[in-house]
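For the protein sequence lines, the chains are D and F, in the order given.
Everything in the first sequence is counted per this note's numbering, starting at 1371 for the first residue and increasing by one.
Everything in the second sequence is counted per this note's numbering, starting at 420 for the first residue and increasing by one.
Keep in mind the hints are simulated off the structure, nothing from the lab.
A couple of the hints might just be wrong.
As the list claims (entries may be wrong) - On the chain F side, residues computed to face chain D include the following (Cβ under 8 Å):
| hint | residue |
| --- | --- |
| 1 | Phe-455 |
| 2 | Asp-458 |
| 3 | Ser-459 |
| 4 | Ser-460 |
| 5 | Val-471 |
| 6 | Met-475 |
| 7 | Thr-481 |
| 8 | Val-482 |
| 9 | Val-485 |
| 10 | Thr-486 |
| 11 | Ser-489 |
| 12 | Val-501 |
| 13 | Tyr-506 |
| 14 | Gln-510 |
| 15 | Ala-511 |
Unchecked claim - Over the 10 Å line for every Cβ pair with chain F, so calculated as not near, a few chain D residues:
| hint | residue |
| --- | --- |
| 16 | Gln-1380 |
| 17 | Ala-1427 |
| 18 | Lys-1465 |
| 19 | His-1517 |
Ideal Cβ positions, reconstructed from N, Cα and C, are used throughout, including at glycine.
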Amino acid sequence: MALHHDLLEQARHLSTREPKRPRQASLRRAISAAYYSIFHLLVSDAATLVAPVRPPALRLQVRRAFGHSDMKTVCNGFASGQVDNLRRSTRQLVKAPIEPGIASVAACFIELYDARHAADYDLALSYTRLDASQKVALAERAFDQWHNVRTEPNAAVFLTALLLQKQWERGSA
Amino acid sequence: MSEADVGPAPAEEARIRKILDKWRFPRNVRGYELDFDVDSSGDPAVYIVFTVDDAMNPSDQTVRNVTDFSQELRNQLLRAGVRHWPYFRFQAPA
Chain D
1371 MALHHDLLEQ ARHLSTREPK RPRQASLRRA ISAAYYSIFH LLVSDAATLV
1421 APVRPPALRL QVRRAFGHSD MKTVCNGFAS GQVDNLRRST RQLVKAPIEP
1471 GIASVAACFI ELYDARHAAD YDLALSYTRL DASQKVALAE RAFDQWHNVR
1521 TEPNAAVFLT ALLLQKQWER GSA
Chain F
420 MSEADVGPAP AEEARIRKIL DKWRFPRNVR GYELDFDVDS SGDPAVYIVF
470 TVDDAMNPSD QTVRNVTDFS QELRNQLLRA GVRHWPYFRF QAPA
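Excised from the complex, chain D in its bound form (with noise of 0.2 Å):
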């Protein structure tokens, strides 16, 4: 199974691992691996978008390269929905409207990049189960939305802007 479906699996049995009283270490782990989860999701598609299949290295040097900050930049210009808050270099390639599961899709991973960044970092946060639960269903979700609308143009366009967005707006500066 691909390392995105195994986060998610283990995001779902983290948040339900304790049955009475989950241990905070379990639901942060649970929130980080949703993240983590939906992050492989997209740099997966986005690698196989844009390198080929040989050689086999090539595509996994392709997935290093994707930065969590830029991506989240990326996904703050979709999440909306609207055309007018992308890039500039980004709405020159998109097509309106911006399909709605693109936009769910990104807003997901701006919540769960920032619930991640809390779960790992911010020790005064006291976590309850629904916390964490609502994070693993939230990418669920964003997994269902992804595969309705993932061989859309503008997906491909979403896919390519999480790696290159930043390249982009230094070539046009």
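Let chain D serve as the given structure and place chain F on it in line with the hints.
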């Protein structure tokens, strides 16, 4: 980013509260608090913290409900032009 950029302009907070106060939440949602801050990237954010009866051991229905309404609420807030990104957290009653 200056503090003025992060804190809620009165109109922004009022717009968020107006949407939240009209929302029909499930019965086990007792209330909410707003925490205006920056997110982990330094962007303006509003953390909407819901108090939910069974937050420590939620039913599958509760998980579905909060996932549904948080997504719908986020979409509505974004459509309304809210510039603080809405994040959601769920706490148990004190």
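Hints that the structure is at odds with (numbers, increasing): 1 and 12
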